[in-house]
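K.L.:
Please model the complete structure; the sequences and the hints are all you need to start from.
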Amino acid sequence: MSQRIIFHIDVNSAYLSWEAVHRLQHGDPLDLRTVPAVIGGNPETRHGIVLTKSIPAKKFDIQTGESVFSAKAKCPKLIIVPPNYGLYMQCSKAFGDILREYSPLIEQYSIDEYFMDFSNMGRIFKDPVEAAYTIKDHIKNELGFTVNIGVSTNKILAKMASELKKPDKVHTIFPDEIPTKMWVLPIEELFMVGRATAKKLRSRGIKTIGDLAHYDPKLIKLFLKSHGILVWNYANGIEGNPVRENRRPLIKGIGNSTTIPFDVEDRKTAHLVLLSLTETVAARLRQAGYYARLVSVSLRTNEFYNCSHQRKIYSAIDCTNAIHEIACELFDELWKGQPVRHLGVRVSEFCQNSYKQLTLFEKDYAKESAVDKAVDSIRARFGNGSVFRSSFINSGVRFSSGGTIDDEEYPMMSSLL
DNA sequence: TCTGGGGTCCTAGGACCC
DNA sequence: TCTGGGGTCCTAGGACCC
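Per my numbering, residue 762 is the first one in the first sequence, and the count goes up by one each step.
Mixed in with the good hints there might be a few duds.
Stated by the list, open to error - Simulated pairs of lysine-lysine, PhoX-like, Cα-Cα distance not exceeding 20 Å:
#1 Lys960 to Lys986
#2 Lys942 to Lys961
#3 Lys942 to Lys901
#4 Lys819 to Lys979
#5 Lys854 to Lys897
#6 Lys1097 to Lys1029
#7 Lys1073 to Lys1013
#8 Lys926 to Lys819
#9 Lys835 to Lys854
#10 Lys1013 to Lys960
#11 Lys854 to Lys838
#12 Lys979 to Lys968
#13 Lys1013 to Lys1029
#14 Lys979 to Lys960
#15 Lys1124 to Lys1073
#16 Lys820 to Lys961
#17 Lys926 to Lys820
#18 Lys819 to Lys930
#19 Lys968 to Lys942
#20 Lys819 to Lys838
#21 Lys887 to Lys897
#22 Lys961 to Lys986
Said to hold, decoys possible - Derived Cβ-Cβ restraints for the label pairs, each shown as a range:
#23 Lys854 to Ile816: 45 to 53 Å
#24 Asn1063 to Asn994: 39 to 47 Å
#25 Arg884 to Glu1129: 24 to 32 Å
For the record, the hints were derived by calculation from the structure and aren't laboratory data. Ideal Cβ placement from N, Cα and C applies to all residues, glycine included.
P.N.:
Below, the structure is given as C-alpha cells:
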C-alpha cells in the first residue's frame, strides 16, 4: 500500500473569526480579529468564561477557559461578545462544503475541524502541499475566515501540524520531520496530554514530546495505564486510524446541564430545573428514536464540589415525565442541602424498543407518551417556546435550557481519532 | 474573584455468582 | 467458620477533547 496523505483543517479562533466575518458582512467597520476580543458568556448569569480569544487578546495572556472577569483584568479594553451557535453551525457547514470539492473522503471531527484523506488525489493535484495552500486560500477568499492545514501521513501528525504557528498557515510534519518539528515542543502540546497527565509526566522529568517518545513505554504504562501507551504512541507519531466519512454518529448518551444564575436552596426549585433540563434531553432522545436504560443526575455546589448519581432502569424509557421522576429521586438521594450551582441530567444505554410488558411496581406511561408526541410536533412546527408547562410561570426558572433539538448535531470526537 | 456545556473513554471498588 | 479465585454487572469519579 502506498503512503497515505492526510490533511487536518482547523479554523483559526473559530467562534471569534466567524463572528468577525459576520459583523463585517453586516457593515460593522471593526474587524474583531484585529483587536483584543473574546467570545465569552455573561458573568451575571454565571456563564462568564472565555470560549475563544483573538490573537491580540492572546498577547495579553488571556487563556481559553479562564473567567471573563480575570480576562478583563488583564486587558480592560477587551471586547466581549456572546456566543451565537446558530451562526457557528452555518459556518461549519459552509466550510465542509468547500472541502468536499477537493476530496470525497472527509471527516468532521468537531465544529471547526475536519480530516481529509488526500491519498488518491495525486492524479488531480501534483503536490499535496500545494493543494493545501489552494484549499486554504479558497476558504479565505470565499468565506472570509482563515484556517490552518496540517499535512502528513496520518491523523495525529496532521493534527499536530495544524497546531503549529497560526493563523492562515500550511504546515507539514512528515515522519522524518518529527524530531525537528514535534519532539522539541513542550509535553503539554501533545494531543491527549491534559493538565493531569502533563503533571505526572513532568514529575518524572518528561518535559518535551521528545522526552516522552524516548521513554521506556513499559514504565509509562506503569503509571499512566492504557492512556500512557496512547500518548507514547502519539509522541512517536504512531497512529493508523482511517479518515471515516461521517456516518450517522452512534450516540452513546444525551445530556443537558446548566449553571443556574442563582444558587438553588430548595428541593422544589431544583426539581423544576431538572424538568427544564429533562424536556430537551427527552425530546432529543425521542428524536433519535431511542429508549434509555440509564438515567444520571450531576450536581455542583456553590463550593464547586461535584458529584453524580445514576440508576439503571430495567424497562427502557423515552418519556419526559418518567425521566424527570427518576431524575428527582436521584437528586433527592444525592442532595445534602448545600446551595446548588449547577445541575445536569443525562440518559444513556440506548435501545431501539421499550418492553411494553410492565414489571411489578412500574408505571404505565402510555398516556404521557402520547402527550410527549403531540408536544414534540407542536414545538417542531411553532418553536420550543410555543408550549411549556405552567409550573415554570413566575418560577424564575427557564422553561427550557440547553441545546435545542432542531439543530443539526455535529459529531463529537473520541480520543481514538 | 471567578471558574460553561457537550461529549467519550477508562478505572476502581463493591456486589453477586459459580 | 474460614478460606480461595474468576467473572460480570453496577456505580462513582476522573481525564481528556472542542
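K.L.:
So, for every hint listed, does it hold in this structure?
P.N.:
Results for each hint:
{"no.": "1", "hint": "Lys960 to Lys986", "result": "15 Å, holds"}
{"no.": "2", "hint": "Lys942 to Lys961", "result": "24 Å, violated"}
{"no.": "3", "hint": "Lys942 to Lys901", "result": "26 Å, violated"}
{"no.": "4", "hint": "Lys819 to Lys979", "result": "38 Å, violated"}
{"no.": "5", "hint": "Lys854 to Lys897", "result": "16 Å, holds"}
{"no.": "6", "hint": "Lys1097 to Lys1029", "result": "14 Å, holds"}
{"no.": "7", "hint": "Lys1073 to Lys1013", "result": "15 Å, holds"}
{"no.": "8", "hint": "Lys926 to Lys819", "result": "13 Å, holds"}
{"no.": "9", "hint": "Lys835 to Lys854", "result": "35 Å, violated"}
{"no.": "10", "hint": "Lys1013 to Lys960", "result": "30 Å, violated"}
{"no.": "11", "hint": "Lys854 to Lys838", "result": "33 Å, violated"}
{"no.": "12", "hint": "Lys979 to Lys968", "result": "18 Å, holds"}
{"no.": "13", "hint": "Lys1013 to Lys1029", "result": "30 Å, violated"}
{"no.": "14", "hint": "Lys979 to Lys960", "result": "19 Å, holds"}
{"no.": "15", "hint": "Lys1124 to Lys1073", "result": "16 Å, holds"}
{"no.": "16", "hint": "Lys820 to Lys961", "result": "29 Å, violated"}
{"no.": "17", "hint": "Lys926 to Lys820", "result": "14 Å, holds"}
{"no.": "18", "hint": "Lys819 to Lys930", "result": "18 Å, holds"}
{"no.": "19", "hint": "Lys968 to Lys942", "result": "15 Å, holds"}
{"no.": "20", "hint": "Lys819 to Lys838", "result": "13 Å, holds"}
{"no.": "21", "hint": "Lys887 to Lys897", "result": "17 Å, holds"}
{"no.": "22", "hint": "Lys961 to Lys986", "result": "12 Å, holds"}
{"no.": "23", "hint": "Lys854 to Ile816: 45 to 53 Å", "result": "25 Å, violated"}
{"no.": "24", "hint": "Asn1063 to Asn994: 39 to 47 Å", "result": "42 Å, holds"}
{"no.": "25", "hint": "Arg884 to Glu1129: 24 to 32 Å", "result": "59 Å, violated"}
Checked against the numbered hints above, the structure violates hints 2, 3, 4, 9, 10, 11, 13, 16, 23 and 25; every other hint is satisfied.
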